[in-house]
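The opening position of the sequence shown corresponds to residue 0 in numbering that gives the first Met the number 0, with each subsequent residue numbered one higher.
Keep in mind the hints are simulated off the structure, nothing from the lab. Check before you lean on any hint, since a few could be wrong.
Straight line, CA to CA, 20 Å or less: simulated EDC-like cross-link-like pairs of lysine to aspartate or glutamate [stated by the list, open to error]: (1) Lys194 x Glu220; (2) Lys194 x Glu224; (3) Lys194 x Asp213; (4) Lys194 x Asp215; (5) Lys144 x Asp170; (6) Lys144 x Glu163; (7) Lys194 x Glu233; (8) Lys194 x Glu248; (9) Lys144 x Glu120; (10) Lys194 x Glu205; (11) Lys194 x Glu163; (12) Lys144 x Glu127.
Distance windows between CB atoms, simulated [claimed, not checked]: (13) Ile71 x Asp170: 17 to 27 Å; (14) Val38 x Arg63: 32 to 42 Å; (15) Met46 x Pro298: 54 to 64 Å; (16) Glu103 x Gly275: 51 to 61 Å.
Glycine is no exception: its CB is placed at the ideal position from the N, C-alpha and C atoms.
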Amino acid sequence: MSLFWRIFLLNAAVLVAAMLLLLGPVTVSTPVLLTEAVVLTVGLAAMLVANAALLRVGLAPLHRLTRAMTTIDLLQPEPRPVPAGQAGIADLIRAFNAMIDRLEAERASSAASALSAQEAERRRVAQELHDEVGQTLTAVLLELKQVARHAPEPVRAQLAQVQETTRDSLDEIRRIARRLRPGVLEELGLTSALKALVTEVTGHTEVSVRQHLDPDLPVFEGEVELVLYRVAQEALTNTVRHARATTVELSLVRQPGHVQLRIRDDGRGIGDAAEGAGVRGMRERALLIGAQLAVAPGPAGGTEVRLRVPVGDREGRP
């Protein structure tokens with residue numbers, strides 16, 4: 000039973016008991032006159048209605064707080080409940096807001112540490128793939144080439160096929176290393192890295208990617224560039240793997256007060272599917288730089304991912 004109904008029924012029980020006492024032979028006529036009974040009944044009903052209205056108004060802040068508690072998501076910040084009501088209720092709402100602020104700060108700090116460790120691990124794995132596995136496969140290719148020169152013709156054809164397979168494996172290793180550690184992002188910047196990402200997607204899949212990269216972009220910090228790149232990479236990866244799309248639009252434009260990254264496809268859409276680890280990872284990255292991420296159906300179907308990164312009025316320009 001809710002708090003509202005407990006208080007209401009308690010007050011109602013008191014008022015009903017008072018009415019029954021008033022209907023007794025000591026205070027009213029015996030037998031009870033019809034007019035007296037009607038007046039007392041109407042009065043009781045009016046008091047119950049007034050009591051319910053007052054309780055509903057007084058407990059409304061608690062109902063709003065309850066809804067906020069059940070719907071809040073730390074990865075999708077929403078406006079805090081406004082402290083209202085009597086002193087005790089307002090203090091409770093303020094304490095709840097302070098608790099959410101602490102939880103968001105702690106989550107942001109832990110997420111930043113986790114993502115930093117993840118990027119460091121990606122760099123290490125990419126470096127090992129490039130230095131160890133890549134060099135080993137390169138040496139194997141050279142050895143195969145030497146053996147093929149002195150091998151008889153039937154064996155030479157087989158060795159050529161093995162060489163081709165090894166060469167494809169080496170290319171795949173290099174591609175994985177580039178995805179783990181986007182060196183072009185550190186060396187040439189975000190625009191060049193996004194162009195390279197689009198080229199990689201179109202070169203290894205049948206998805207057509209149309210891109211529009213604003214030439215008038217601000218100069219981002221390294222962490223902001225990395226978040227923009229990883230969100231675009233994750234969105235394109237999800238499109239290729241799950242959307243069954245044929246065309247993707249990628250745009251990065253500067254707008255008043257923010258820069259917007261948008262990836263829109265013509266695939267089957269998200270439907271009622273729950274958010275996976277990839278989308279939640281994008282949300283965590285967006286929170287690290289104070290950006291807003293929205294994943295929703297596109298205007299003409301498919302899925303649209305929008306990342307809005309706030310920029311100051313005095314943000315530097317390239």
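Now for the hints, and whether the structure bears them out:
Restraint check for Lys194 and Glu220: the C-alpha separation of about 19 Å stays at or below 20 Å, so the hint holds. Taking the CA atoms of Lys194 and Glu224, the gap is near 14 Å; set against the 20 Å cutoff, the hint holds. Restraint check: the Cα-Cα separation between Lys194 and Asp213 comes to about 12 Å, which is no more than 20 Å; the hinted pair holds. Between Lys194 and Asp215, the direct Cα distance comes to roughly 16 Å. Compliance with the 20 Å bound is thereby established for this hinted pair.
Annotation: proposed proximity of Lys144 to Asp170 holds, straight-line Cα distance about 17 Å (limit 20 Å). Between Lys144 and Glu163 the alpha-carbon distance is near 11 Å, which keeps this suggested pair within the 20 Å criterion. At most 20 Å may separate the alpha-carbon atoms for a hinted pair to count; Lys194 and Glu233 meet this at roughly 15 Å. The straight-line distance between the Cα atoms of Lys194 and Glu248 is roughly 13 Å, inside the 20 Å bound, and the hint therefore holds.
With a C-alpha separation of about 35 Å, the suggested pair Lys144 and Glu120 falls outside the 20 Å cut-off, and the hint is violated. Of the pairs offered as hints, the one joining Lys194 and Glu205 holds, with about 17 Å between alpha carbons and a cut-off of 20 Å not exceeded. For the given pair, Lys194 sits about 28 Å from Glu163 by alpha-carbon distance, which is inconsistent with the 20 Å threshold. For the hint linking Lys144 to Glu127, the alpha-carbon distance of about 25 Å lies beyond 20 Å, and the restraint is violated.
Between Ile71 and Asp170, the C-beta spacing of about 47 Å breaks the proposed range 17 to 27 Å. Between Val38 and Arg63 the C-beta distance comes to about 38 Å, which sits within the given range of 32 to 42 Å. A hinted range of 54 to 64 Å for the beta carbons of Met46 and Pro298 is consistent with their spacing of about 55 Å. Checked against the hint of 51 to 61 Å, the pair Glu103 and Gly275 fails, with Cβ atoms roughly 22 Å apart.
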